[in-house]
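Can you make the complete structure from the sequences, with help from the hints?
Chain residues, written in single-letter form:
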Amino acid sequence: MMEQLQQALPIGLVFSPLIGVIVLLCIPRDKAGWLKGVGILATLPPSVLALLLYFQFDARAGGVQFEQRLPWFQIQLPQIPPWEVAFHFGVDGLSLPLAVMAALVATLAACASVYIQKRLKGYFLLFLLLEVGMLGVFLARNMFLFFLFFEVTLVTLFFLIGIWGSIYREKAANRFLLYNGLGSAFLLLAMIGLFVLFQSLDYSRMQEMAHDSRIQAMLAQEPVNNIVRGIFLCTVVAFAIKLPMFPFHTWMLRVHAEAPPAVVMIHSGVLLKMGAYGLIRFGVELFPQQMQAFAGVLALLGLINILYGAALAFVQNELRRLLAYASVSHMGIILFGIAALNVSGLTGAVFQAVSHGFISALLFFFIGSLYERTGTTDIRQLGGMARPAPVLTGIFLAGGLALLGLPGMSGFISEFLAFLGLFHEEPGLAAAGVLGLVLAAAYTLRAVLKAGFGPVAEQIKGMADTRWPETAPMMVLLSCIILIGVWPDVLGEPMKVTIQTIASRIGG
Amino acid sequence: MIANAWIIPLFPLVSFLLLLAGRKTFSERSAAWVGSLTACFALAGSVWVLLEQVGGSSYRAGLEWLSFGETNIRFGVEVDQLNALMLLVVSLVSFLVQVYSRRYMKGDERFPLFYAYLGLFTFSMLGLVISPNLLQMYIFWELVGVCSFLLIGFWYFKPEAKRAAKKAFIMTRIGDIGLFIAVILLFIHTGSFDWAQIFAVLEAGEIPPEVLTWITLLIFLGAVGKSGQFPLHTWLPDAMEGPTPVSALIHAATMVAAGVYLVARAFPLFEAAPIAMDVVAWTGAFTAMFAAAIALVQNDIKRVLAYSTVSQLGYMMLALGSVGYAAGVFHLMTHAFFKALLFLAAGAVILAFHHQQDIRRMGGLWNSHRRIGWFFLIGCLAISGIPPFAGFFSKEEILMAAYADGRIGVFLIGVVTAFLTAFYMFRLFFLVFWGESRRERQAVADPGMMRPIAVLAVLSVLAGFVQFPGDSFSQWLTGGAESAATGAGAVWIPLLSILVSLAGMALAWTMYAAKTVDPDLVSRRIPWAYRLLERKFYVDEAYNQVLIRPYRGLGLFLVGFDRYIVQGLVRIIAAVPRRIGVWARALQNGQFQTYTLVSVIGLVLLIIGLTAGRLFG
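Protein chains in written order, with my numbering: chain A, 1 to 508; chain B, 1 to 617.
Just to be clear, a hint being listed does not mean it is correct.
As the list claims (entries may be wrong) - Heads up, incomplete: computed chain B residues facing chain A, CB under 10 Å, no partners named:
id	residue
1	F149
2	G153
3	A165
4	R173
5	I174
6	D176
7	I177
8	L521
9	V522
10	I526
11	W528
12	L532
13	L533
14	L556
15	L569
Bear in mind the hints are in silico, worked out from the structure with no lab data behind them.
Just so we're clear, the structure is a prediction, and the values are computed from it rather than from any experiment.
For every residue, glycine included, the Cβ atom is placed at its ideal position computed from N, Cα and C.
Right, dumping it as structure tokens:
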């Protein structure tokens, strides 16, 4: 009995937000307090289940754990055995950290949703569906499911931006859908291609075949190898848009600037990481040879991301845009880690995904409470915030220090590991990328000091400091950041075996 | 106790956490008590550890911290001679500064927070000096940097403080990326972050020489940033915007010496890389003279001391680069005492003049504040290298080492700098304490302020005698490895150094006390030279023109690039579905592109919804 319950953990985790959906449907739309309360409470079960999963996960054993298949439907195809699609979930060292982070960030983003004013019922319904989508993305063990959940996040986010965003929300939502729709098209192509190649969309099965030397030899022949390369590129482009990789990043600027901060917490914290996850899960795991050939380009793109994002962040005056470009820069570090294709690089990439998830969630929570009080996020209109709002400024300062990779906080570990990995493979590009550390300090401190220090600006005189319902969630995020920074094995231990397996398969 | 050395840094950490949590509830009195008491515990522990270490025991231990693949990184503690000495210096100065700050920071609205930051700094600095591995050291290295940033910007409402804090962080970070790369390269070539293991691989000769040169130069870049060496020195004088106790603790005695400590810690690597040794020696020598020259014409009491710190740190680097390991570390210690003394005394002077820092508007303090005057004089004599004060012994060791090592240019620069040092220090002394009083003063005789100064004054007098007579200090520090070679130098070197120092003092006397020579002589005769010094050789301006403005310009250019070129590229892609949409419109009417996608996805969701029933059924 216990065993079965444990086995059902991933599937329970994925669909647990639906409890909230059902409860929400029963609440009248004008009961704002109830809706908010239920909306926040509904995100607690996933967090609890995710933590349970984390503590139950056997870090030493590695591999896929808590695997569960529930048959769904099958399609008869000519010449090959019938294609069975199952609700197939499970976790390994790669998906577990991301799923836990996603669940926690979702809960805290729900807390940040108290700033939402209109149509609360619809908002929380979509929010919870979005959470189902993103948890499903990380926990699915089959690419078809992955794709479905991926699309769920896309649609729900489209509405969340389009309805609850600020002035140019519709434009932002359309731009978002345009790019991500394009990404989905590539992903669909890649999925069909993979199905044709491997006759299965099951992760374990596909990985097995991808690393089978006979099949590898077969795929390396003309003209099959060109098709394989095409599928590989489709995969890369699909996730490069999501990450986002230069030059596909412009859509996310608008999302950052227009979507409500609580949604950006999810978007920047979790959804971008689906790009990183996808690149490792499908790019690295299924295309070891193509990935190795492509690693140099990937590292170069990573470098462009880091420097380009940093240079643009340095001249932004609008905090949200600044953080959007900072995200571009930080995603470059993920690309560095992946391009290294060795243990420390890949570990660094996953660390960066998780760490940046918490950091940008914290910073956008801050943006939410700042905007609530001042009605602006333009640093030219802010200044001297430390006097009227010392706690809020302290949190911004701490978040900023995390963003610039201060040791003792999570960002440092991930940057260090990613650079350590890439220095093994591409010392030149890595050395150029290290410049990003200085540039990160430059843009972060410029923002933090302009907003927090100096004489008090006219706009914020009499601004109130945060109250505990806001401070507490931000402190939780900050604690996560510091915990990972001070005791990195808390995150490193569960992913160790899985990353080692991935790296050893590609001979890195 | 030595086996429990890891507890020492935790005392100030507790202080930090307590005071941060209770920054609203603690009174000034209780906050100061918490800070001073924890620092006192740390000091007691450090003394104990040092005594045990002198008794001959060393210690190292650690626990697992981060593992990936086959690599296990450990976090731990190491106590050998150098660590034990640094523990003592850091905890002692920190304790004294915390006692002193109670009066100096009185009435500040964020008083408990100030003590909290001091606690965090002391924790980080103690953690830095007991690190057994390079990665751990790098972590604390950055943490002391951020504490420095927080404390420089402590008076956050002052625009100058804000600018200075930012500058300090970014300038030192430029150096830090050098250290960052060095840490990674060392790991790649030795497979470890551990000093012991790194040196073992070095002994085995497994690091290629050119790589070693690169690594040492990069480590030195880190030290250049932290210790304010040319060309990354400009942040340190600006850091004087912070409260004076902070300047004494962080920007004179401890943190800025971390760069010297780093080079000393990695000394075997440097010894194996002759090019790096050249760079260290010459950078140190150049910085020593360069900063001393600027100090000649500065008019802010703290800035004079700041440039003097830069110059003295240059001395230490010069010593290390001339294989004067013991000399460099010795000077680090004595400098910590007398420079902290000078800063704390300067703080008292500043209070006495109602927060006036311009020495042109001071004067005549000797008559009213004789005690401060004596302490300040001891500091001046110590830094000028007059026997029997501490600075004499360490400076003389450095000059000996430089002479013995054979770089005559470096040696000569050292001698010239000794002259300049004596001159600018006594210019400062005479301007502040001599002449007629130019401003209303207030009495400063708080024992809480005077006692720490007195302790430092005693140390500034006595600390030199650990190395005299005989060379017991360097014997102990190097474990007996450093032979009498440096000690056997000519007798004329100490005599020469005393002589030039006296000359400097005499010149200062004639210009600023006796006024037989017009102090404005130089500025009138060669105005361009004076202007060059006063503007600090235009280094800040150069950075602004060469780096900051172009970078901003690049950023602004990229804004346009991003908006028109990158987005334009994507518009072309966007045109494709629009094209399809146009075709499709022939068949259907209405908006097509976006909604198609939505409806397809909706269909998929519908299918899931319909079939998901099986799951529960």
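Comparing the hints with the structure gives:
1. F149: At 8 Å from the nearest chain A Cβ, F149 of chain B passes the 10 Å test, so the hint holds.
2. G153: Where the cut-off is 10 Å and the nearest Cβ of chain A is about 6 Å from G153 of chain B, the hint holds.
3. A165: With a minimum Cβ separation of about 7 Å from chain A (threshold 10 Å), the hint on A165 of chain B holds.
4. R173: At 5 Å from the nearest chain A Cβ, R173 of chain B passes the 10 Å test, so the hint holds.
5. I174: With a closest approach of 5 Å, the I174 of chain B hint holds.
6. D176: 8 Å, holds
7. I177: 5 Å, holds
8. L521: 41 Å, violated
9. V522: With Cβ-Cβ at 38 Å, over 10 Å, it is violated.
10. I526: 38 Å, violated
11. W528: 34 Å, violated
12. L532: 29 Å, violated
13. L533: For L533 of chain B, the interface hint is violated, since the closest Cβ of chain A sits about 29 Å away, which is over 10 Å.
14. L556: 5 Å, holds
15. L569: Hint on L569 of chain B: holds, closest Cβ of chain A at ~6 Å, below 10 Å.
Consistency with the previously given hints fails for numbers 8, 9, 10, 11, 12 and 13, ordered from lowest to highest.
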